[in-house]
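2 protein chains.
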Amino acid sequence: MKRNPHLSLLQPQYLFPQIQQRKREFLERNGPVDLISLGIGDTTEPIPNAVVNGMVAAAERLAQKETYTGYGAEQGQEPLRKMIAEVLYHGRVNPKAIFVSDGAKCDIGRLQLLFGPSAKIALQDPAYPVYRDGSLLQGVSNITYLPCTPENDFFPDLSLAAHCDLLYFCSPNNPTGVAATRTQLEELVAFARENQQIILFDTAYAAYIQDSAIPRSIYEIEGAEEVAIETSSFSKIAGFTGVRLGWTVVPETLKYEDGHPIHSDWNRITSTIFNGASNIAQAGGIEVLKPEGLAEVQKLIHFYRENAHLLREALQKQGISVYGGVHAPYVWAHFPDAPSWETFQYFLEKLHLITTPGSGFGSTGEGFIRLTAFNSRENIIRSCKIIANNSLSSLIL
Amino acid sequence: MKRNPHLSLLQPQYLFPQIQQRKREFLERNGPVDLISLGIGDTTEPIPNAVVNGMVAAAERLAQKETYTGYGAEQGQEPLRKMIAEVLYHGRVNPKAIFVSDGAKCDIGRLQLLFGPSAKIALQDPAYPVYRDGSLLQGVSNITYLPCTPENDFFPDLSLAAHCDLLYFCSPNNPTGVAATRTQLEELVAFARENQQIILFDTAYAAYIQDSAIPRSIYEIEGAEEVAIETSSFSKIAGFTGVRLGWTVVPETLKYEDGHPIHSDWNRITSTIFNGASNIAQAGGIEVLKPEGLAEVQKLIHFYRENAHLLREALQKQGISVYGGVHAPYVWAHFPDAPSWETFQYFLEKLHLITTPGSGFGSTGEGFIRLTAFNSRENIIRSCKIIANNSLSSLIL
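Same order as they appear, the protein sequences are chains A and B. Read in order, the letters of the first sequence correspond to residues 1 to 397 in the numbering used here. Read in order, the letters of the second sequence correspond to residues 398 to 794 in the numbering used here.
No lab work stands behind these hints: they were computed from the structure. A couple of the hints might just be wrong.
Derived lysine to any residue pairs resembling SDA-like cross-links, with alpha carbons at most 20 Å apart [said to hold, decoys possible]:
no., chain 1, residue 1, chain 2, residue 2
1, A, Lys23, B, Arg774
2, B, Lys399, A, Thr144
3, B, Lys493, B, Phe413
4, A, Lys120, B, Lys399
5, B, Lys652, A, Leu9
6, A, Lys255, B, Ala470
7, B, Lys420, B, Trp738
8, B, Lys747, B, Val430
9, B, Lys696, B, Arg774
10, A, Lys290, A, Lys120
11, B, Lys782, B, Pro736
12, B, Lys493, B, Ile683
13, A, Lys317, A, Glu306
14, B, Lys399, A, Phe191
15, A, Lys2, B, Glu775
16, B, Lys479, B, His657
17, B, Lys747, B, Ile793
18, A, Lys65, B, Glu775
19, A, Lys96, B, Phe413
20, B, Lys462, A, Lys2
21, B, Lys696, A, Gln64
22, B, Lys420, A, Ala73
23, A, Lys255, B, Leu407
24, A, Lys96, B, Arg421
25, A, Lys23, A, Gln11
Simulated restraints, written as ranges between beta carbons of each label pair [to be verified]:
no., chain 1, residue 1, chain 2, residue 2, range
26, A, Gln210, B, Val484, 17 to 27 Å
27, A, His90, B, Pro733, 51 to 61 Å
28, A, Ser8, B, Glu463, 38 to 48 Å
29, A, Leu9, B, Ile783, 34 to 44 Å
30, A, Pro12, B, Glu619, 27 to 37 Å
31, A, Thr67, B, Phe423, 19 to 29 Å
32, B, Ser515, A, Asn142, 16 to 26 Å
Footprint (simulated), chain B over chain A, 3 or more residues, beta carbon under 8 Å [stated by the list, open to error]:
no., segment
33, 92-101
34, 112-120
Ideal Cβ positions, reconstructed from N, Cα and C, are used throughout, including at glycine.
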């Protein structure tokens, strides 16, 4: 039995397990040390009561003959699809276009099946590693990287991708924390329309956008419903990282070049190799989108945004250039004089702060580290004090 | 943007949505009719209280700062992996070999990524459609079908698969309901070892085996840990079809022909395009495997087995040859004189019973229908009365 040759194109480990290993190795060498995690973007604050109560009630319904339910629709419960369409898309998309999933990461792993291994893809660089790794796993070999740097305001030169079929785009961006403006997204949609491309738009962090002028969905741009798939998640809206709930929008107006609707293929894929998100998680999602739930999760999001603000300030006071962290829970800090993994190691060993090396997100991420705002206020304040009390000068030539 | 050419190899619809459509069309033509579903294998009885209480407690922990948790290990919670290893495998497999998933269907959709599109695969015919459809989606083109019929006691002539790399095998079988004997599984493992093949063994229905002489896992067969991956599910053990929890065993002793361990690749795949099963579902899985949970789910399984027994009897009294339904929740009924979809339609229109046409599981399933035992006792008794009171003679030449 031969190994899938596509597997050898991946690094042996996914990024975050690599970071876990560095942490373990450090602790093995140094004994117990109180490390603060600003690494993986994992929520730390409890889920609002109204949402948890909804999940508790859903679990309890499963214990009663009259209210027990088994398999749900693979596409998700209709009330949840309707609420996502109404509350998050203000009716811009049809509930039928919304496919509820167990998370954006899982859907990104399946979306490439729509287009197959010969698709030419373009990625922002740096980018969430799953776009690249998931595509490589599916046998995609033609990948174009679009550098996103302070010099281009983290919006890439799209002309590099004119020959591509598929554009992965994440806004607010993971890892840079930068949200694309309306003008930039209009440029993106116009470019994709002109070149008959599909955009895979990731809005997992859209709830963090503070400025109503910045689009929270690609479908706020006219004509996007003919060129864009959007994938998103409850993880960072409501602390659902462990609960597992997300969705993908595939508009019924979206077509392959031969006119075949992409929607029916996505329906076939989800009903064939997926079986719906947990009914308990879906009940939680419904509560998130009710007025009480929305008010509660807004407080959570505000809390994490304040954390990001504190981290930005602390780094800036030390003379570090920082990006993002305003419309996103990520701060992208520039340490141009050392490789990212060295800066990561310095933060780990000297500051006892776990970050994510920028190069883990692509070669253009070299010279940066990502800090996440997902932590308690106490830990963020401690982190800021550590940053304030330690000279980072050895990292700045 | 071109369509993935692999998609055109699939039927436009997955099997069960096709059945739903037939049902809808019938109801549209005939107005409200009380149909009994013996079609899709979906659990109907409530989840035991001890298990639901565990899920409720897990949800409530997410509302408290002190007990909130976000992302878990992509491989699953360690206590659950240990309990699966101890309780269900009696220590035969290492907890590290167990990867908790959101269900066997989803894992089957990902497993083909280990071997890639050039793998030559063999399937039992009839078989669960996801083996074929999931493989076609991944670009696999070389598929050998191994007929399983009353004549060969539903155990295929393995020599047909000597040239294959990968053998999908399901026992107790979906759809035939027949469990392979120890001798047959010894033959299967010996064959795979001799031909350096990997077995993908599906034990989603193993809990229904009544006879301790029949293996519930391929790892009960000596040497299987060097040739077999096993995938399984809590769906039919504990009514978790909507909760979503399963697992896959990839032994650390399993190697590709070049000696590379398959375990590390599976770990890479699950951590890259999967993010763990819902933490609430995992808490439920832990409760299922505690003594109280096990005692409760045994009652559930016994209940469905009695349903299967009643269906078998009712059909046999009408002169129909039936298979399965002893160590499995499925009864495989032989109507050799008509195409399966015609028998299906007869059951729908004349008996108001929804079944599954055997041909939906492969061409060797032609002439059979599958009836599921997953329903209330009341509905099963009503179904049996309908079968008793209607001549099926027009279906038997």
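Each hint tested on the structure:
1. Pair hint A:Lys23 plus B:Arg774 does not hold up; C-alpha atoms about 55 Å apart against a cutoff of 20 Å.
2. A hinted pair counts as satisfied when its Cα atoms are at most 20 Å apart, and B:Lys399 with A:Thr144 qualifies at roughly 18 Å.
3. Only pairs whose Cα atoms come within 20 Å are accepted, and B:Lys493 paired with B:Phe413 is rejected, the gap being roughly 35 Å.
4. Using a Cα cut-off of 20 Å, the hinted pair A:Lys120 and B:Lys399 holds, with the two alpha carbons roughly 10 Å apart.
5. For the proposed pair B:Lys652 and A:Leu9, the alpha carbon gap of about 19 Å is at most 20 Å, so the pair holds.
6. The suggested pairing of A:Lys255 with B:Ala470 is violated, with an alpha-carbon distance near 37 Å, which exceeds 20 Å.
7. Annotation: proposed proximity of B:Lys420 to B:Trp738 holds, straight-line Cα distance about 13 Å (limit 20 Å).
8. At most 20 Å may separate the alpha-carbon atoms for a hinted pair to count; B:Lys747 and B:Val430 meet this at roughly 11 Å.
9. At most 20 Å may separate the alpha-carbon atoms for a hinted pair to count; B:Lys696 and B:Arg774 meet this at roughly 13 Å.
10. A C-alpha spacing of about 40 Å is found between A:Lys290 and A:Lys120, which places the hinted pair above 20 Å, so the restraint is violated.
11. With a CA separation close to 24 Å, the supplied pair B:Lys782 and B:Pro736 exceeds the 20 Å bound.
12. Using a Cα cut-off of 20 Å, the hinted pair B:Lys493 and B:Ile683 holds, with the two alpha carbons roughly 16 Å apart.
13. Taking the CA atoms of A:Lys317 and A:Glu306, the gap is near 17 Å; set against the 20 Å cutoff, the hint holds.
14. With a C-alpha separation of about 17 Å, the suggested pair B:Lys399 and A:Phe191 falls inside the 20 Å cut-off, and the hint holds.
15. Restraint check: the Cα-Cα separation between A:Lys2 and B:Glu775 comes to about 51 Å, which exceeds 20 Å; the hinted pair is violated.
16. For the proposed pair B:Lys479 and B:His657, the alpha carbon gap of about 25 Å is over 20 Å, so the pair is violated.
17. Of the supplied pair hints, the one linking B:Lys747 and B:Ile793 holds, its CA atoms being roughly 15 Å apart against a limit of 20 Å.
18. Under the criterion of a C-alpha separation no larger than 20 Å, the hint pairing A:Lys65 with B:Glu775 is consistent with the structure, at around 13 Å.
19. With a C-alpha separation of about 19 Å, the suggested pair A:Lys96 and B:Phe413 falls inside the 20 Å cut-off, and the hint holds.
20. Distance restraint check for B:Lys462 and A:Lys2: the Cα-Cα separation of roughly 47 Å exceeds the 20 Å cut-off, and the hinted pair is therefore not satisfied.
21. As the CA atoms of B:Lys696 and A:Gln64 are separated by approximately 16 Å, the hinted pair is consistent with the 20 Å bound.
22. Simply put, B:Lys420 and A:Ala73 have alpha-carbon atoms about 16 Å apart, close enough for the 20 Å limit, and the pair holds.
23. Distance hint between A:Lys255 and B:Leu407 is fulfilled; the C-alpha atoms sit about 18 Å from each other, no more than 20 Å.
24. Between A:Lys96 and B:Arg421 the CA atoms are separated by roughly 18 Å; this keeps the pair inside 20 Å, and the hint holds.
25. Taking the CA atoms of A:Lys23 and A:Gln11, the gap is near 19 Å; set against the 20 Å cutoff, the hint holds.
26. A hinted range of 17 to 27 Å is violated for the C-beta pair A:Gln210 and B:Val484, which are about 50 Å apart.
27. The beta-carbon spacing between A:His90 and B:Pro733, approximately 57 Å, falls within the hinted interval of 51 to 61 Å.
28. Between A:Ser8 and B:Glu463 the beta carbon distance is about 44 Å. The supplied range of 38 to 48 Å therefore holds.
29. For the hinted restraint 34 to 44 Å between A:Leu9 and B:Ile783, the CB-CB distance of approximately 57 Å leaves it violated.
30. Taking the beta carbon of each, A:Pro12 and B:Glu619 are about 32 Å apart, inside 27 to 37 Å as hinted.
31. Range check, A:Thr67 to B:Phe423: about 27 Å between beta-carbon atoms, so the 19 to 29 Å window is met.
32. Under the hint 16 to 26 Å, the C-beta atoms of B:Ser515 and A:Asn142, about 19 Å apart, fit the expected range.
33. Here the segment 92-101 of chain A counts 0 residues with a CB under 8 Å from a CB of chain B, which misses the bar of 3, and the coverage is violated.
34. Here the segment 112-120 of chain A counts 7 residues with a CB under 8 Å from a CB of chain B, which clears the bar of 3, and the coverage holds.
The structure fails to meet hints 1, 3, 6, 10, 11, 15, 16, 20, 26, 29, 33 from the earlier list, while all remaining hints are met.
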